[in-house]
Amino acid sequence: MRSVLDKAMPTYVLALRDTASVALGIAAFGVTLGVTISVLGFGTVPGLVGAPVVYGGSAQLTAVTLVHQGAAFAAVVASAAIVNSRLLLYGASLSRRFSDQPGWFRWLAPHFIIDQTYLLSNARPELDGRAFRRYWGWLGLFVLVVWSFSVATGMIAGPALPELPHLVFVGTAMFLGMLAPRLTNRPAVAAATTGGLVAAVVGLIRPELGIVCGAIAGIVAGSAVRR
Amino acid sequence: MTALLSMLVLGAVSWLFRIAFITLLPADRLPTRLQHGLDYLAPAVLASIVAVELVDQVRGAPPADAVALLAAAAAIAVVAYRTHNLTIACTLGIGVVLGLDYLPL
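Sequences listed follow chains E and P, in order. Going letter by letter, the first sequence gives residues 183 to 409 in this note's numbering. Going letter by letter, the second sequence gives residues 25 to 129 in this note's numbering.
Any given hint could be a false lead.
[Claimed, not checked] Some, not all, of what chain E presents toward chain P, calculated at C-beta under 7 Å:
| no. | residue |
| --- | --- |
| 1 | S277 |
| 2 | G319 |
| 3 | G400 |
These aren't lab readings, by the way, just hints derived from the structure by calculation. Beta carbons are placed, not taken as given, at the ideal position from N, Cα and C, and that holds for glycine.
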């Protein structure tokens, strides 16, 4: 029923609906990052520029923390880049949907790839060609606006906001909400179980490597179970 | 200046990561097994993100908070599995945050 209704909807409405479904989780993390930027004295301009340019909360948070600790420039960029290295996997997974798009789109539109946009578009495999292009453009734009506005709110209004030390859990709830419905077959369950375990163990030792190592281990496990 | 420069360079590196297998080396040129393996990227990466975030939040937290967070995560996963509704999951997350941060436990 949902797919029948969705097919009749303009792509910007689909994108807006999908953005609304993750807005709370994105806003919670964005505000947390903004407050951290403010508290650690990272600077208003770098903070505001970083939100849409880096467009990756965990990577930006890593960079903000390391700059505050006085780490060398190369170490800051390298550590944060490792956190964002899962973007390589997202790009590879999305490649087929970009393959028949115009050149300008293949060069510019991948900038919108983040956890949420990858996962939301992954749940709409029926969109291709022009429909995907429009959906992706709107989705990327809406999510970028929510993200940047949330970071700015945290930076500017941080001191006035009520203290919510567990706020980041809203983002965790959002990812759980995306994960659970995907556990519909044995390979997916194996991928998630292995990925989660490996990420947790690796993350205890090297936090910046946890997610990418878990993702790779999960892919291997899922493929092994399918065979 | 280091802060701004780090954001710009990190943005450029992240953009290269994003276009690497879309524009520079399209993934259809990768080995078939690798391409099929990417079918499981979504559950693998989602579970990885959840695991890393939960470990980070539970580490160093008071035992009662840690237990509450893990129990809440399990409950939200069950609700999400049954309802397929992201908004409900996020709303439950907010309820947990307000409960942990404001209720006198």
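For each hint, the structure was consulted:
This hint holds: E/S277 has a C-beta 4 Å from the nearest C-beta of chain P, less than the 7 Å allowed. With 7 Å as the threshold, the beta carbon of E/G319 stays out of range of chain P, its nearest partner Cβ sitting at about 15 Å, so the hint is violated. Contact between E/G400 and chain P, as hinted, is supported at the beta carbon level, the nearest pair being about 2 Å apart and thus within 7 Å.
Checked against the numbered hints above, the structure violates only hint 2.
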